[in-house]
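Chemist: Each chain is listed here by its residues.
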Amino acid sequence: MSESKKIIKNKVAFLDRKIPRYASVLGITVLLLLWETICRMNLVPPLFLPAPTAILSDGWDLMASGELMNHITASLTRIVGGYAIGATVGIIIGLILGFSRWADAIFTPVVYSIYPIPKIALLPLIILWLGIGEMPKVAIIALGVFFPVLINTFSGVKSVDQTLIKAAVTFGSSHFNVIRKVILPGALPTIFAGLKLAAGTALLLLVSAEMIAAQYGIGAMVLHYGNLMITTKLMFGVMILSLLGLLFNRGLHWLENKLIPWK
Amino acid sequence: MSESKKIIKNKVAFLDRKIPRYASVLGITVLLLLWETICRMNLVPPLFLPAPTAILSDGWDLMASGELMNHITASLTRIVGGYAIGATVGIIIGLILGFSRWADAIFTPVVYSIYPIPKIALLPLIILWLGIGEMPKVAIIALGVFFPVLINTFSGVKSVDQTLIKAAVTFGSSHFNVIRKVILPGALPTIFAGLKLAAGTALLLLVSAEMIAAQYGIGAMVLHYGNLMITTKLMFGVMILSLLGLLFNRGLHWLENKLIPWK
Amino acid sequence: GNQQTNEETTKSEGSSSETTETVDVKIGMLKLTSSAPLFIALEKGFFEEQGINATETWFEAAQPIAVATAGGSVDVGATGITASIYNMVSGGQKLWIVADKGREQQGFSSSALLVPADSPVTSVEDLKGKKIGITQTGSTFHYMAGRLLENHGLTISDVDLVPLNSIPGLMDSLKSKQVDAVILNEPNISTVVSEGYGKVITQVGDEIEYQTSGVFFSPKFAENKDVAVRFMKAYAKATQYYYDAVLIKEDGEIVPGENYDEVINIIAKYTDQDPELIKKGLPYMDRDGRLLESDIQTQIDWYAKEKLIESEIDAKEIVNTEFLEEALEN
Amino acid sequence: MRIVVENVDKKFVDNNKREVTALENINFTINEEEIVVLVGPSGCGKSTLLNIVGGLLSPTNGQVYFEGTNDIEPNLGIVFQEIALFPWRTVFENVIYGLEERGVPKKEREEKGKYYIDMVGLTGFENAYPKQLSGGMKQRAGIARALCIEPHLLLMDEPFSALDAQTRTIMQEELLTIWNRTRLSTLYVTHNIQEAVYLGDRVIVLSRHPGKIKSIINIDLPKIGRDSEQYRDQFEKYADEIWGLIRHDAQEALKEA
Amino acid sequence: MRIVVENVDKKFVDNNKREVTALENINFTINEEEIVVLVGPSGCGKSTLLNIVGGLLSPTNGQVYFEGTNDIEPNLGIVFQEIALFPWRTVFENVIYGLEERGVPKKEREEKGKYYIDMVGLTGFENAYPKQLSGGMKQRAGIARALCIEPHLLLMDEPFSALDAQTRTIMQEELLTIWNRTRLSTLYVTHNIQEAVYLGDRVIVLSRHPGKIKSIINIDLPKIGRDSEQYRDQFEKYADEIWGLIRHDAQEALKEA
Ligand SMILES: Nc1ncnc2c1ncn2[C@@H]1O[C@H](COP(=O)(O)OP(=O)(O)OP(=O)(O)O)[C@@H](O)[C@H]1O
Ligand SMILES: Nc1ncnc2c1ncn2[C@@H]1O[C@H](COP(=O)(O)OP(=O)(O)OP(=O)(O)O)[C@@H](O)[C@H]1O
Ligand SMILES: [Mg+2]
Ligand SMILES: [Mg+2]
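From first to last, the protein sequence lines are chains A, B, C, D and E. Reading the first sequence from the start, the letters are residues 13 to 275 in the working numbering. Reading the second sequence from the start, the letters are residues 13 to 275 in the working numbering. Reading the third sequence from the start, the letters are residues 4 to 333 in the working numbering. Reading the fourth sequence from the start, the letters are residues 445 to 701 in the working numbering. Reading the fifth sequence from the start, the letters are residues 445 to 701 in the working numbering.
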């Protein structure tokens with residue numbers, strides 16, 4: 013037997029290659045520095061791309077003057093109100109459609125034919141019905157939240173593991189208890205997915221609702237400074253919005269972990 | 013032994029209860045009839061809730077006059093252009109982030125910090141940069157499409173079953189072939205999910221982009237008739253939008269079935 | 004009936020309610036200067052004199068006022084006359100325009116066409132191919148822009164009309180020159196001019212006569228002719244009060260009338276605004292509150308020509324001057 | 445109390461609207477303290493039959509009943525193949541679910557819960573959620589839940605098929621130990637012939653298309669210790685006999701997608 | 445050609461940053477035409493070891509090599525527990541994947557593909573996608589894919605553990621038939637002791653924490669027909685011996701979440 017020998021080497025080592033931790037911090041830092049430098053060197057007019065420091069300093073002014081607080085309060089009131097209404101109604105109707113086969117058969121086609129309408133298109137209709145005060149703004153957010161929550165609640169109820177329902181019935185649960193102890197907790201994760209999805213939609217609709225006739229609100233502020241071409245404050249507004257989105261998401265995440273400890 | 017006897021009955025028969033087929037047709041028909049009747053009986057002013065027949069007949073006029081065609085063409089150009097650009101760039105960048113760990117480490121934090129910004133808030137900024145012609149409208153749609161597609165592409169690449177990659181390497185695939193023959197097809201379903209998600213976003217952004225300074229386009233038309241309180245035409249516009257959304261979705265569905273026959 | 008004829012009586016001593024029962028009337032309006040006669044009538048008790056217990060409902064936009072009036076949620080509405088109102092009427096939602104509430108009149112500054120201060124544009128003609136900012140399609144701004152252009156041999160299709168959705172939006176866009184011109188109203192014109200970023204090309208009132216806004220009666224309210232006439236009596240008294248206080252001209256210059264400060268303060272109170280700002284934006288209206296009836300048909304024709312209203316209607320279907328005339332008779 | 449399965453037929457309507465006969469003319473009884481095992485190739489209708497007995501499916505013809513109930517309301521305990529623990533309940537809450545639904549007082553629930561958790565060897569894991577358990581531990585909790593209501597008939601549908609071979613062997617032994625303490629009448633479904641011979645007093649072999657009883661085999665071996673040296677030959681003979689009955693059907697089943 | 449596993453250690457860093465020794469001091473060889481089976485309780489490092497041999501994981505210490513290659517580039521064929529067929533490829537395209545990647549001409553690919561598809565009994569299913577196959581058929585396709593490259597070593601990690609007991613029995617028999625035709629050196633991982641004794645020339649028993657070789661047992665039975673009557677006692681003795689070695693560890697493993 014020949015003594016030639018062939019060592020087996022790891023052919024998928026590339027899958028485990030690690031990138032140093034600092035890379036991700038590096039990326040965002042370098043980007044910011046680059047941005048700042050470009051602006052400092054006046055390579056692009058500050059009107060089009062203000063420096064990060066300029067944005068922050070103008071942002072600080074907005075905060076100090078209390079203007080920002082007004083905008084945030086106005087926006088928060090709208091979004092929280094609209095979200096609460098839309099989510100509550102969405103969950104309730106979703107549960108009804110999920111539980112009652114008749115309601116399902118009759119109303120689901122209706123829901124699915126309204127669903128693809130971009131909710132912003134309903135804004136003029138809602139203005140017609142509700143005017144241009146707070147009501148229509150809250151309503152459009154509620155509407156935008158309603159549909160994803162409803163559809164997720166519905167499919168959450170429908171996708172509850174049939175074996176769990178059978179198990180519950182076997183162990184003596186009444187119909188009411190099956191709903192309460194099995195279907196509701198079983199649908200909860202999907203409902204939360206809907207709530208998270210709706211958070212993004214709510215923020216989006218907040219901005220577009222505020223673009224129509226609002227004095228205060230982050231969306232109104234962004235449009236205002238956009239019209240005035242004050243890019244620093246405009247970008248600060250955008251930053252606040254993304255922060256708001258992040259916070260909203262974190263909050264829901266936290267709530268999810270509280271309510272669904274078993275996941 | 014006593015002869016008492018206890019038959020075991022099906023306790024979960026309620027799960028199999030069937031609703032007659034006609035129920036769903038019934039639901040939507042009854043609703044339409046009810047709507048029509050309410051309008052015919054003048055229970056609500058037609059201004060607020062025009063009858064379905066009125067909407068259709070006004071819609072017919074819009075079609076006949078060719079006005080509708082103008083709006084649809086304008087909107088379709090924008091949405092197809094924006095979608096194509098956003099999706100292409102999103103897929104490409106998503107693939108790059110998915111393949112290169114360095115690119116991932118450096119750019120993913122950046123992407124995730126821009127992602128939660130509601131894209132409409134960037135409209136003023138984009139108007140500032142690109143004016144109020146067609147460009148900003150296409151750009152905002154492209155931007156809205158870009159992010160969900162990018163993130164889905166990225167996570168599609170990342171979630172390709174490692175065992176499949178290992179199998180491919182074991183059977184002699186080069187890195188390039190692993191990407192081409194395993195990662196790409198493996199990521200395709202997730203990429204499509206992103207494309208579908210983006211379709212809704214595109215439609216929404218189309219409408220909001222057209223609400224700012226557009227003469228033609230379904231969104232502009234809806235706002236126009238909203239301002240004029242011509243509810244029938246307004247609602248017809250909304251209908252067209254939901255139809256557009258439906259068609260868009262169907263189209264992607266069809267494409268998915270063509271491209272992913274193995275699912 | 005035993006109606007008060009003495010115009011000098013200020014506060015009702017209850018004598019009027021002996022034979023005339025008090026009726027509740029809901030008035031829908033905006034907190035704008037052009038609602039001044041209504042503010043005056045409310046503040047000075049002119050309605051109570053007529054046995055009318057008026058309650059105000061504040062709106063935030065013009066359109067819902069018309070809708071609410073037509074639908075009867077308010078009895079009387081006061082707001083701008085837009086294409087949407089004609090569409091509403093042609094769509095079967097009846098309501099009556101019964102009195103003047105502000106118009107464009109030569110020699111009185113109200114609405115104007117402005118361009119950025121350093122714009123090369125000097126006349127309306129120069130606007131061919133340019134962008135003009137308006138609030139919304141079918142709004143009074145839209146109408147004014149269209150008529151101004153036509154006065155100078157252009158049409159709407161010669162320019163780009165940009166709907167900017169709000170007055171602040173118009174001002175912002177003018178400031179940043181995103182549009183080449185805008186239509187604005189007082190006191191915003193004064194603000195723009197004094198801040199120096201815009202200049203007036205032409206005053207709308209100098210170019211056309213235009214019934215901008217009006218007082219509306221809901222069909223149900225109009226059925227009760229007695230109350231409607233009584234309401235008009237109070238309203239006409241208020242417009243006279245307003246006119247005499249702030250619109251009297253001597254040698255082409257407005258001179259403050261007897262009750263000038265009182266009226267300004269009433270308006271300031273109702274609109275929550277600085278009196279100095281109010282002084283700059285006092286719209287013209289007929290002393291007796293009479294409508295510029297002929298202009299209504301002009302408007303309808305223009306809107307119809309521009310396809311902004313569905314089906315052309317006759318001005319008679321929407322204008323009703325009977326109440327005011329009867330109120331003015333005695 | 446005996447359980448009688450009498451002339452049971454079951455027909456399904458498949459996706460193409462065709463009628464499929466899953467079970468035909470099934471007759472057998474489960475006597476008190478008896479373990480009856482159903483074996484058969486994939487798709488022969490084992491689960492269908494167990495579900496009918498468990499009241500989770502209606503037979504097309506025939507009936508299933510308890511005999512000699514003395515007017516006691518008989519109880520069923522089911523152990524599912526998919527385990528089917530409620531993910532949002534801890535082990536303890538899962539185990540006492542049946543008691544809770546029967547309105548048993550809290551004190552008694554706690555005692556019984558503890559007792560059966562201990563019996564399946566899960567003491568110390570009372571407050572763990574299912575996702576924190578290994579496969580074998582999950583199935584123990586599932587068994588405790590079924591035992592906890594002290595049923596008159598215990599139904600088990602391939603309870604150990606998702607476990608690895610060694611865990612499975614250990615669980616089989618434990619199941620017998622538990623049975624020895626509770627002596628519950630049991631209907632047990634499995635694919636595994638060794639398991640059938642190891643556990644069953646009688647093994648019912650089903651055939652496919654339609655599912656019919658091919659043979660009922662009495663296992664004449666002592667309940668405990670069947671895997672010992674001395675019974676090895678007999679044990680293997682039973683296993684071979686059953687495998688001989690099933691083999692052809694199983695090979696056929698393999699070719700169906 | 446022999447495969448030598450020499451002084452192999454493997455340490456992992458777990459989620460809490462602690463170092464975990466999965467394998468310690470593993471030494472054995474796989475001779476030509478030999479089937480070596482790895483058995484051991486859950487988590488003892490069977491898969492880790494197989495992956496190291498398969499070039500899918502690097503050992504922390506030690507090495508694995510082919511001896512006596514005569515400068516031939518040795519080939520490895522792996523059959524995965526998760527089957528790991530490419531879902532977007534038909535059975536045929538999956539089976540010839542290795543040939544395709546090696547640049548084998550189309551004609552030869554088609555011949556070999558056909559040959560091995562036939563060997564595993566999948567003729568007629570060449571154009572089916574994996575999702576259209578039953579579990580047993582999928583694993584046959586996986587085996588054909590590994591055979592198709594005519595490897596010098598075949599690695600199989602619990603290939604049949606997801607199948608039901610009867611299908612598994614049938615597949616074991618078929619595997620031996622195939623082996624008889626190909627005579628490939630094989631490293632086979634299983635939990636199932638019966639399977640180990642049925643297939644293996646040598647059975648390596650691993651212990652847990654860390655994974656060490658507890659014992660290497662030579663199965664002195666003819667390769668074919670071990671389940672026949674005449675070898676039953678010897679067969680069971682081997683099985684009992686291995687179970688004796690594993691039992692305690694397996695019981696421990698069961699308690700880990
Ligand atoms: N709900 C159903 N609708 C239509 N056919 C069904 C349904 N349930 C089961 N069947 C059919 O009935 C037959 C028996 O199914 P069943 O699940 O009882 O078999 P099984 O013996 O439990 O199989 P396995 O060993 O794979 O679990 C199969 O042919 C199956 O396709
Ligand atoms: N990537 C990894 N990171 C950290 N620890 C690991 C990793 N892979 C395996 N381990 C640990 O190494 C040990 C051996 O794992 P391995 O999967 O090889 O066991 P096994 O014998 O195949 O188990 P099973 O029979 O359950 O498949 C286990 O304790 C496991 O937790
Ligand atoms: Mg089954
Ligand atoms: Mg393993």
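Hints are not guaranteed to be accurate.
Unchecked claim - Cβ-Cβ distance ranges computed for the label pairs, FRET-style:
id, chain 1, residue 1, chain 2, residue 2, range
1, B, 104, E, 456, 54 to 62 Å
2, B, 173, E, 547, 19 to 27 Å
3, E, 471, D, 692, 41 to 49 Å
4, B, 49, D, 457, 36 to 44 Å
5, A, 38, E, 547, 24 to 32 Å
6, A, 264, C, 222, 46 to 54 Å
7, A, 43, B, 89, 51 to 59 Å
8, B, 46, E, 606, 52 to 60 Å
9, D, 555, B, 173, 41 to 49 Å
10, E, 625, A, 38, 51 to 59 Å
11, E, 606, A, 48, 30 to 38 Å
12, A, 141, B, 68, 18 to 26 Å
13, A, 38, E, 477, 29 to 37 Å
14, B, 275, E, 547, 25 to 33 Å
I should point out that these hints are in silico values taken from the structure, not numbers from a laboratory. Beta carbons are placed, not taken as given, at the ideal position from N, Cα and C, and that holds for glycine.
Chemist: Against each hint, give a clear statement of whether it holds in the structure.
Modeler: Right, here's what the structure says about each hint:
no.: 1; hint: B:104 <-> E:456: 54 to 62 Å; in the structure: violated, 36 Å
no.: 2; hint: B:173 <-> E:547: 19 to 27 Å; in the structure: holds, 25 Å
no.: 3; hint: E:471 <-> D:692: 41 to 49 Å; in the structure: holds, 45 Å
no.: 4; hint: B:49 <-> D:457: 36 to 44 Å; in the structure: holds, 39 Å
no.: 5; hint: A:38 <-> E:547: 24 to 32 Å; in the structure: violated, 41 Å
no.: 6; hint: A:264 <-> C:222: 46 to 54 Å; in the structure: holds, 50 Å
no.: 7; hint: A:43 <-> B:89: 51 to 59 Å; in the structure: violated, 34 Å
no.: 8; hint: B:46 <-> E:606: 52 to 60 Å; in the structure: holds, 54 Å
no.: 9; hint: D:555 <-> B:173: 41 to 49 Å; in the structure: holds, 48 Å
no.: 10; hint: E:625 <-> A:38: 51 to 59 Å; in the structure: holds, 57 Å
no.: 11; hint: E:606 <-> A:48: 30 to 38 Å; in the structure: violated, 57 Å
no.: 12; hint: A:141 <-> B:68: 18 to 26 Å; in the structure: holds, 21 Å
no.: 13; hint: A:38 <-> E:477: 29 to 37 Å; in the structure: violated, 55 Å
no.: 14; hint: B:275 <-> E:547: 25 to 33 Å; in the structure: holds, 30 Å
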